[in-house]
Amino acid sequence: MTLTTKSPDSRSTLAQRGGSALGDRVFSWWTLGTGLLVLAVLGLILITTVREAWPAFDAMGLRFITERIWDPNPATGDAIFGALSFAYGTALSSLIALLFAVPVSIGIALFLTELAPRRLRGPAVTVIDLLAAVPSVVFGLWGILVVAPALVPVYQWFHDVLGGVPVLGNLFGPVSSGRNFMTAGIILAIMVTPIITSISREVFSTVPRADKDAALALGATRWEMIRGAVFPHSFGGIVGAVMLGLGRAMGETIAVALVIGGSTNITANLFAPGNSMAAVIVQQFGESTGTYTAALIGLGVVLFAMTVLINVLAQVIVRRAEARMKGSR
Amino acid sequence: MTVTAPPTTRAGAGGPDLTRAALSGRRRFSNHLATVAIWAAVGLAVVPLALVTYTVIVKGAGVMSLDFLTSDIPNSYRREGGGMAPAIVGTLLITGMAALMAIPLGVFGAIYLNEYGKQSPLARLIRLMADVMTGVPSIVMGVFIYLAWVLFVGQQTGFAGALALACLMLPVVIRSSEEMLRLVPDELRQASMALGARKWKTTLTVVLPAAISGITSGSLLAVARAAGETAPIVIVTGIVFAPNSNLFDGFNTALPAQIFRNASQPFEAAQDRAWGAALTLIVIVLGFTIIARLIASRFAIKER
Numbered sequence: 001m002t003l004t005t006k007s008p009d010s011r012s013t014l015a016q017r018g019g020s021a022l023g024d025r026v027f028s029w030w031t032l033g034t035g036l037l038v039l040a041v042l043g044l045i046l047i048t049t050v051r052e053a054w055p056a057f058d059a060m061g062l063r064f065i066t067e068r069i070w071d072p073n074p075a076t077g078d079a080i081f082g083a084l085s086f087a088y089g090t091a092l093s094s095l096i097a098l099l100f101a102v103p104v105s106i107g108i109a110l111f112l113t114e115l116a117p118r119r120l121r122g123p124a125v126t127v128i129d130l131l132a133a134v135p136s137v138v139f140g141l142w143g144i145l146v147v148a149p150a151l152v153p154v155y156q157w158f159h160d161v162l163g164g165v166p167v168l169g170n171l172f173g174p175v176s177s178g179r180n181f182m183t184a185g186i187i188l189a190i191m192v193t194p195i196i197t198s199i200s201r202e203v204f205s206t207v208p209r210a211d212k213d214a215a216l217a218l219g220a221t222r223w224e225m226i227r228g229a230v231f232p233h234s235f236g237g238i239v240g241a242v243m244l245g246l247g248r249a250m251g252e253t254i255a256v257a258l259v260i261g262g263s264t265n266i267t268a269n270l271f272a273p274g275n276s277m278a279a280v281i282v283q284q285f286g287e288s289t290g291t292y293t294a295a296l297i298g299l300g301v302v303l304f305a306m307t308v309l310i311n312v313l314a315q316v317i318v319r320r321a322e323a324r325m326k327g328s329r
Numbered sequence: 001m002t003v004t005a006p007p008t009t010r011a012g013a014g015g016p017d018l019t020r021a022a023l024s025g026r027r028r029f030s031n032h033l034a035t036v037a038i039w040a041a042v043g044l045a046v047v048p049l050a051l052v053t054y055t056v057i058v059k060g061a062g063v064m065s066l067d068f069l070t071s072d073i074p075n076s077y078r079r080e081g082g083g084m085a086p087a088i089v090g091t092l093l094i095t096g097m098a099a100l101m102a103i104p105l106g107v108f109g110a111i112y113l114n115e116y117g118k119q120s121p122l123a124r125l126i127r128l129m130a131d132v133m134t135g136v137p138s139i140v141m142g143v144f145i146y147l148a149w150v151l152f153v154g155q156q157t158g159f160a161g162a163l164a165l166a167c168l169m170l171p172v173v174i175r176s177s178e179e180m181l182r183l184v185p186d187e188l189r190q191a192s193m194a195l196g197a198r199k200w201k202t203t204l205t206v207v208l209p210a211a212i213s214g215i216t217s218g219s220l221l222a223v224a225r226a227a228g229e230t231a232p233i234v235i236v237t238g239i240v241f242a243p244n245s246n247l248f249d250g251f252n253t254a255l256p257a258q259i260f261r262n263a264s265q266p267f268e269a270a271q272d273r274a275w276g277a278a279l280t281l282i283v284i285v286l287g288f289t290i291i292a293r294l295i296a297s298r299f300a301i302k303e304r
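Quick mapping for you: the protein sequence lines, in order, are chains D and W. Be aware that the first sequence starts at 1, since it is given in my numbering, and climbs by one per residue. Be aware that the second sequence starts at 1, since it is given in my numbering, and climbs by one per residue.
Hints are computed from structural coordinates only; laboratory data are not their basis. Take these hints with a grain of salt, some might be off.
[Claimed, not checked] Negatives, chain W to chain D, calculated, CB over 10 angstroms:
| id | residue |
| --- | --- |
| 1 | GLY117 |
| 2 | LEU183 |
| 3 | ASN246 |
[Stated by the list, open to error] Per the computed footprint, the stretches of chain W lying under chain D, defined by three or more beta-carbons under 8 angstroms from a beta-carbon of chain D, are:
| id | region |
| --- | --- |
| 4 | 38-51 |
| 5 | 131-145 |
| 6 | 157-168 |
| 7 | 221-231 |
Beta carbons: idealized from backbone N, C-alpha and C, even for Gly.
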């Protein structure tokens with residue numbers, strides 16, 4: 001650094017502004033520390049939960065995830081903690097949620113990027129933002145007191161019409177109450193729609209203008225343009241968006257706890273009550289002790305591992321898709 | 001989509017008809033079908049939002065009164081009347097404390113990512129992990145704080161709830177603040193450096209003020225999100241029936257936890273209180289969201 005100034009003391013003035021280099025070093029270390037906090041918290045979550053869940057893992061071994069019976073207080077013998085029923089409930093309710101939410105979210109994202117007249121775009125974005133802003137417990141409250149009772153006749157109708165059909169009959173079995181896998185899936189669908197929509201929208205908006213114009217210039221209708229130019233370009237991003245939605249659905253606790261019915265159950269019947277891993281933890285954590293608590297924490301460990309895995313994969317996919325798209329623009 | 005210029009055609013042909021009418025029926029039909037489906041998707045998103053809002057307002061307004069906002073929670077779900085004052089106090093204090101912890105730390109984390117780490121492997125790892133942390137289920141965060149803090153101090157407190165919410169907010173604040181810092185033009189940094197300011201001074205007095213409105217709005221959205229979190233509160237704060245303004249001693253409660261507990265009761269009095277609490281919570285959350293949007297639109301970094 002060469003200084004070409006007339007005043008002889010200018011060098012020292014320059015050096016002193018804002019303190020010595022020590023301030024810089026302290027500040028950069030401090031910011032690095034806060035950044036590392038993220039890694040520290042994630043690491044601590046893993047360590048503490050696994051350590052506290054160990055008694056249950058130790059007692060059950062691999063049966064913890066392959067056993068379908070969950071009996072903390074048996075009349076005789078040892079308590080049995082099998083997470084399979086709850087894992088099934090988590091998977092089934094999330095799957096139903098995605099089945100409803102993915103087409104709707106992609107539709108809304110297409111509406112926002114390709115179809116919406118300029119003056120409708122703002123209100124449509126606001127609707128999605130508001131949907132994302134409603135706390136999940138409010139959806140749960142609405143689900144248990146309004147949606148579940150209202151859907152019973154609908155479920156009954158499906159059971160009456162399709163109950164006799166060979167394969168579908170298993171899915172649309174007898175209805176015992178409105179609190180079941182299906183209701184949980186529907187409520188979850190509403191809750192994951194905003195996240196899938198907003199990511200799909202970002203992905204769609206990275207499709208090069210030239211590709212879309214080229215498709216239109218070749219005489220494609222708008223739908224053919226979407227199918228031929230938008231979808232192939234954004235497939236990876238959409239997969240990532242769906243996985244992020246899946247992660248959200250699997251981890252959702254309160255709304256599911258309220259509407260899924262709360263029974264330990266593996267059945268194909270969508271209208272049967274069940275339970276999910278997250279819901280079991282919040283329902284039973286307060287009344288548990290000893291190995292029982294450890295087993296509930298174990299559910300948390302399984303849930304944590306699964307959501308982290310899904311999220312890492314999803315992030316990597318979305319990032320790769322976005323990077324590729326930016327390169328091609 | 002009409003074509004005005006005469007189409008260039010091969011010799012012999014009469015020139016293809018490029019108007020919409022020339023589309024085959026199947027193509028036109030599928031295009032229409034897709035358009036209708038897309039509009040229907042938007043409608044499907046509006047319906048639940050409208051229904052939830054309507055129900056919460058109607059049912060909540062039925063029990064809403066000054067009394068509801070200032071009374072203690074009845075210690076039996078069956079009993080009529082009472083209010084949500086302890087939960088309102090709890091929500092505001094716990095969320096406020098969480099914001100006090102998470103926002104400064106998150107902003108400094110963002111400063112590291114955008115001003116120091118940039119594209120280094122460590123910064124990329126932290127970025128990825130922050131995104132992953134956003135996806136950690138809130139119930140897992142609740143269990144974690146229970147094990148790491150509640151068992152450590154030996155008591156469920158409001159502060160434990162604040163810690164859990166802070167952990168949930170932290171990655172959101174980091175990522176949204178980083179986006180905002182990225183929008184600050186490099187010329188500002190260069191000008192400040194050229195005047196001889198140290199990097200930390202440049203960051204704190206030039207870069208941060210330039211991005212502060214965006215950071216504020218992003219942080220407020222994170223606060224709004226956290227105010228509605230239920231599962232960690234249920235697990236780590238215990239429950240009270242009279243307001244407890246001390247976060248560090250004694251049980252506490254918050255609106256979402258009260259909604260959850262009251263919603264699963266068969267008694268009408270409890271369900272009414274749940275609706276009232278839901279209306280209160282939505283007003284608080286929407287308040288934060290609207291303020292955030294206003295700040296974002298009013299003081300957005302000007303495009304140059």
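Going through the hints against the structure:
The beta carbon of GLY117 (chain W) sits about 7 angstroms from the closest Cβ of chain D, which is not more than 10 angstroms, so the claim that it is off the interface is violated. Distance check for LEU183 (chain W) against chain D: the nearest CB is about 16 angstroms away, which clears 10 angstroms, and the non-interface claim stands. Distance to chain D confirms ASN246 (chain W) as a non-interface residue, since its nearest Cβ pair spans about 22 angstroms, more than 10 angstroms. Here the region 38-51 of chain W counts 11 residues with a CB under 8 angstroms from a CB of chain D, which clears the bar of 3, and the coverage holds.
For the region 131-145 of chain W, the assignment as covered by chain D holds, since 14 residues bring a beta-carbon within under 8 angstroms of that chain's beta-carbons and 3 suffice. For the region 157-168 of chain W, the stated coverage by chain D is violated: 1 residues have a C-beta nearer than 8 angstroms to a C-beta of that chain, whereas at least 3 were required. Using a Cβ-Cβ cut-off of 8 angstroms, 7 residues of the region 221-231 of chain W lie near chain D, which meets the minimum of three, so the contact claim holds.
Of the hints listed earlier, those the structure fails to meet are numbers 1 and 6, in rising order.
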